[in-house]
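Those protein sequence lines, which keep their order, are chains A and B. Each residue of the first sequence is one higher than the one before, starting from 1 at the first, in the numbering used here. Each residue of the second sequence is one higher than the one before, starting from 1 at the first, in the numbering used here.
Source of the hints: derived by calculation from the structure; they are not laboratory data. Any given hint could turn out to be false.
[Claimed, not checked] Here are a few chain B residues that face chain A, going by a calculated C-beta distance under 7 Å: (1) Gly58; (2) Ile232; (3) Ser241; (4) Arg245; (5) Ile251; (6) Asp256; (7) Thr268; (8) Thr269.
Bear in mind that the values here come from a model prediction, so they are computed numbers and not experimental data. Don't be surprised by glycine CBs; every beta carbon is placed ideally from N, CA and C.
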Amino acid sequence: MLSRVADALFWLSRYTERAENNARMMDVNLQLMLDVQPLANKQHWESIICTLEDTQLFGKLHPELTGDAVVDFVTFERKNPNSIYSCIATARENARTVREQISVEMWEQINRMYLFFFSGAAKRMFQNSTYEFYKWILEGSQLFQGVTDATMAHDEGWEFNRLGMFLERADRTSRILDIKYHILLPSGEQVGGNVDTVQWMAVLKSCSALEPYRKHYRGQVVPWKVVEFLVKNQTFPRSILFCVDSLDHSLHEITGVDRGDFQYKVEAERLSGKLCADLSFVTMEEIFRIGLHEYLDRMQGRLIKISTAIYKEFCEWLEEDETQGEPQENQQPAQLQEQRN
Amino acid sequence: MGNLFQGYAPEAYFDEMFESTGDVRTHYQRLLARYAGMSSEEFQKKRDLADNAFLTQGVTFTVYNDLEGTERIFPFDLIPRIIPRAEWEHVERGLGQRITALNLFLHDIYHEQKIVRDGIVPAEIIHSAAHFRPEFMGFNVPKDIYIHICGSDLIRDHDGNYLVLEDNARSPSGVSYLLENRQAMKRVFPNLFSRYLVRPVDTYCLELLDVLRFIAPHAIPEPTVVLLTPGIYNSAYFEHSFLARTMGIEIVVGADLVVQDGFVYMKTTRGLKRVDVIYRRIDDDFLDPKVFRKDSVLGVSGIVDAYRRGNVSLANTIGTGVADDKVTYYFVPKMIKYYMDQDPILPNVETYLSFFESDRKYILENLDKLVVKSANESGGYGMLMGPQATIEQRESFRKAIEENPRNYVAQPVVRLSRSPSFCEDHFEGRHIDLRPYILYGEKITIIPGGLTRVALRKNSLVVNSSQGGGSKDTWVLND
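So that you can see chain B by itself, here it is in the shape it has in the complex (with noise of 0.2 Å):
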């Protein structure tokens, strides 16, 4: 039986395991030990395991446009990530920084507007955004916190220096697979963990649940919290209940609700209740047919009149979405200056707005070189990758960019870092991101480590599980 590792080589890029010449690094020893002495059939016998569990658990996302068997398990690479403390602090410490600066922006944004006064960002970039509500210019959001919960998508170059690649402000999903990658791991490696100290990941549910009981209207003393999910056949459903259920709260849909005299109630079997707080997993869009779109469903009519008026929190509020617009993305470094007075502990990207004409003439000029992508757009669709890109593909962005300009964005292709993944009987290295979760209630917490996404096939550079990506767990260590 021959080393699994054997043939492994990190090539060109910054590799998590691998010093460029080829010596473990010093955090993954231990790992490495128990690996290498593994043959292939018996890791792919920890690996069905691993599947198998997955699968009778129904830890499954939905697939669109797939008629057969729309749910799919996440497929689970079983070689963990592990992130020495000191570099993990440095990473928390940047987060911390960034969810701050933007939750000043919103409420900036929502107020005076001062950033624009100031000429740092041009105000039609505000006013253009997708998801920017003007019907809540000057609205007081409790605890005048915007943003409760954050995912900033990390990824690493090819020196290691962790960069944001984007924040999610809306909805971000994907922290149930964080938490059942661990128990999966726990059951398929349980003496791994005992040589390894790694920072636990289980508290993040009632940390979740401090926060949304913390932004509770009026100090109720026990306020009811809910999950608000728009159905089964949504592609997140599974951590909607996930979620739900390991906070002890309801999880409802939209008929489950309704507004009376400016309160939200739900409907149960002996008559309604009160809601008090709502973690809602869908769209401002579709919250509320009476304001936003009309053929929802999926909503609650009067619901933002409750929210207006004070008597039903939601996390996170309405509005945020213009903070995670990717034009938007460009001035995070500005604004962390300019409200902060610091330094971006974790940089952007370089990235080319093509609302700037110079840049737009760069983009243009470079889109065979260049990732470009729509203001919103995510699941790794509306993207341009324009080495792999086919001519005609380009010509298509080429038009879209000429016609709407505020609407693209333009990065140079990072070479992502890589990291060990079991393909078919060996080990090879595959790109991976990071993404992380933020809590801000009380205080700002992070879970340690965050969800590590893997590309499965090989050279891609794109982890969305739409689009073949895989995941990892993601160690974090105390030591």
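Next up, chain A with everything else stripped away, as it sits in the complex (with noise of 0.2 Å):
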């Protein structure tokens, strides 16, 4: 398949991934604020920039952080290419330009999400129940997944589409983990009490991983066990090493190589199948004794290394052709890369 197809593809879905985390987030944390003294409010929201990575540019558009201000930023916010309206209608250019590749089906869904955001209808139904926009795009994107999954060809394409979701999603279970090394327990506040048990239960919610987590551990939210749940749970289609796993395995369909024996023939390969063993084998107290977010931290690093090394694999000519003249309207939305890449 062409190699700029391949690259659209990859982006639509990650965008698209990364509209539902992001109101993932911001529905749980929403909710989160209501079991919260005002005091640690802002400090709350400041941990969520962070995580973002977004602190730079945030404070360039709000002198003040404030609760709505962030949550703005994070959701409408069009000069934050990562807002949720941006990344719906980055993901919507990217299946424009790849319209002839993917179903009607996914075209019209993600075509009626945009829609809902250009005419004003999603501003209006935020106004009226936060909790029922943020659902609307967790729905909206899930559903686009699941036509995906029904309509498309499983084929290369498809393929690609996979490991743009799936790194999406690996980099930001690890975000939504690092959450919670920003926040600090209000003071009096003991680790383990009330008040971190709930934190620890929202960073759960945010990652719909709340009952299954119930279901697997059969008790008590201790800290060590979220962990452990959203880092390498092997059955839970959110946890690091799931989507990490998934990635590899749809490199391996790409590139026709074996999976057994740990087999690869390209890098993105080999760096997939050793984070996938990493991951497998890392025990808590290793991950502690790290320390956690330096843990999450260097593992964003190794997944990025991951989608530089794809991009490198199946789409290098693009590269070459942008040297070629000035940036013209037959620019591919998809070559806007990630800021902090």
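Reassemble the complex: the two chains are provided individually, in unrelated frames, and hints are given to aid placement.
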């Protein structure tokens, strides 16, 4: 398939997944606010901006850090390339460039989400009920993924689509976990105390993981188990291991290399295979000895390396052409690489 | 609830649906029976249904110079235009004759230029044509076909005669709207179709693919065909993507292609893959920075060389623009006579060339009565509607004509035929034209009907989408 098309399919699903995860994060945190004293409020929102690594841009647009400002920045801000609005717009632009590759249902779903924002219906729903609003985004993204699964041929293009989705999801799960690192407990509260537990529960909820967690451990929500569940559970579809394992699988489907016996052909496969193994064999003691934040930070670095290696292997040609002339109308939005990569 | 046709009058125009006496034409009777019984609310609901479908499916075009919401839906009018079988057969014969003559003309112009030597077309007209490509003199194009896809715009005068208004021999657009219009009508008025025998249109894309495969170089059994688009910001991108999708071929931008050793390849995740036929939807000028415009980033460096070597085929071929120049148009009836020894089945609109001194004098004396067009503009731009124009507008055209007489033609204002359109809460007559799509490969194929465009503004004669035009479904009957 065309490299440009592979790239666009990758980013189409990646941006849709990102929009969904932003909605998850916002929804859960808005609810969490209801359980926390006003004092902790500001610090809490700060932690979100920190986790998203958007501190600089946010500071430029909002001199003062308030809950409303953060919510608006993550949801509607057009100048923020990672806001839900921007993610949906970029996903749709990518879909537009590959309409002949995706199914009609996929296009209609992503276009419907875009029109929802574009027509102003999104703002109205948001003002009515933020809960309904974020749920709409979440369901919209899930509908898109379901429709992709059920209507697109499971060929090479579909695998690129999966790569984007799982890379993004692995990255976001690690960031959601990391929020907890940035949030300090209010004074007087104890680790393992009431507020601490509520916060860890919020982390699980952000990943739709609270009930699966309970089923798995049948007990209290405790930090090391939450981390274990979200980092290396083998069957929960939003755990980092599950995501990396799935993307490793997709990579092997694309290259046609057998996955058994640790075989690989391209660098991206080597990196994902290695990360898979590390995640499988790491213990909680090791993670906490390194420090959770430090561990997650390295994880994000490794995911970025995989992403870069994928691009280099399958889409490298696209780079040469950027020097050919001034940016013109044939520049594809897919090439809007993430600012932090 | 009043009848939606209440107060409807053909006035001084040829009306597609009603006789001048006010009686409905036979082939519209069943339609009238269905529509007259509807309330305007009911009709509005149908319309919203169609519009919403277009919007979600992204059946849109891009408006330039429009900051907010650059994508618009092409307004869709729910009253189909109906063409009886015999009438269509006449049109079909005329279009077949015309595309044959245009191809003979292009072959001649790029070889011996007999038509010039025999004094039918002045040499200067050819050599000064903006889209004439002297680089291709003596070049033999695959299967000797120049125009594979042609859109010749037709209008009907006040007596209902079909006339050719202009030819589009480079890359005519709009066929996707025609196909989507049919889908929309079927969804909104399913029962009406069962009352009429309407000739289907959806084989177009298969026939187009046949044409593209037919012109593949060296009779390759399974040629790789691609569609080359300027990109998603092009106003016709929806159509490009639609056509590629329905043909099941790749849609590519210039940057996806590369030329090596005289062959064209596309860049895939598994390396380079050879391309044999390119349906290009970008103009000659942007095709190859090595040969035409140096600043083009839409095209592919070296592609013209690959084409010359016969390693890749292009549709349409390079240099067809000389045939759809509005000045060349004037000579098409003469071409038909010259090459085919036939009388044109579909006449031209009466045309004056400011290139000829006597015509120029007439044009300048009658600027307030004529429509003046410049030779190479399209989309309703570069045009003077004499009777409606201001004195300043007329004067600026007078100056332009005097400065560059080669570049202008003039025609009397044709009272285009009208067809009922839904306006707010009832039907009113609006002017229409017809763009049929003609394919020329192993044989000539014409999609039944074409895209009927409507000038939705009251009394307007301009049907272009960029000038407030809409479209309607066009039915060719089989009985």
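Hints versus structure:
A hinted interface residue such as Gly58/B counts as satisfied when its beta carbon comes closer than 7 Å to some beta carbon of chain A; here the least separation is about 5 Å, so the hint holds. At a threshold of 7 Å, the smallest CB-CB gap from Ile232/B to chain A is about 5 Å, leaving the interface hint in force. A cut of 7 Å between beta carbons decides the hint on Ser241/B: the least distance to chain A is about 4 Å, and the hint holds. At about 4 Å, the closest approach between the beta carbon of Arg245/B and any beta carbon in chain A falls short of 7 Å, and the interface hint on this residue holds.
For Ile251/B, the interface hint holds, the least distance from its beta-carbon to any beta-carbon of chain A being 5 Å, beneath 7 Å. The beta carbon of Asp256/B comes within 5 Å of a beta carbon in chain A, closer than 7 Å, and the hint placing it at the interface holds. Given hint, Thr268/B at the interface with chain A, holds; its Cβ is 6 Å from that chain's nearest Cβ, closer than 7 Å. Annotation: Thr269/B was flagged as interfacial toward chain A, and the flag holds, the nearest CB pair being 4 Å apart, inside 7 Å.
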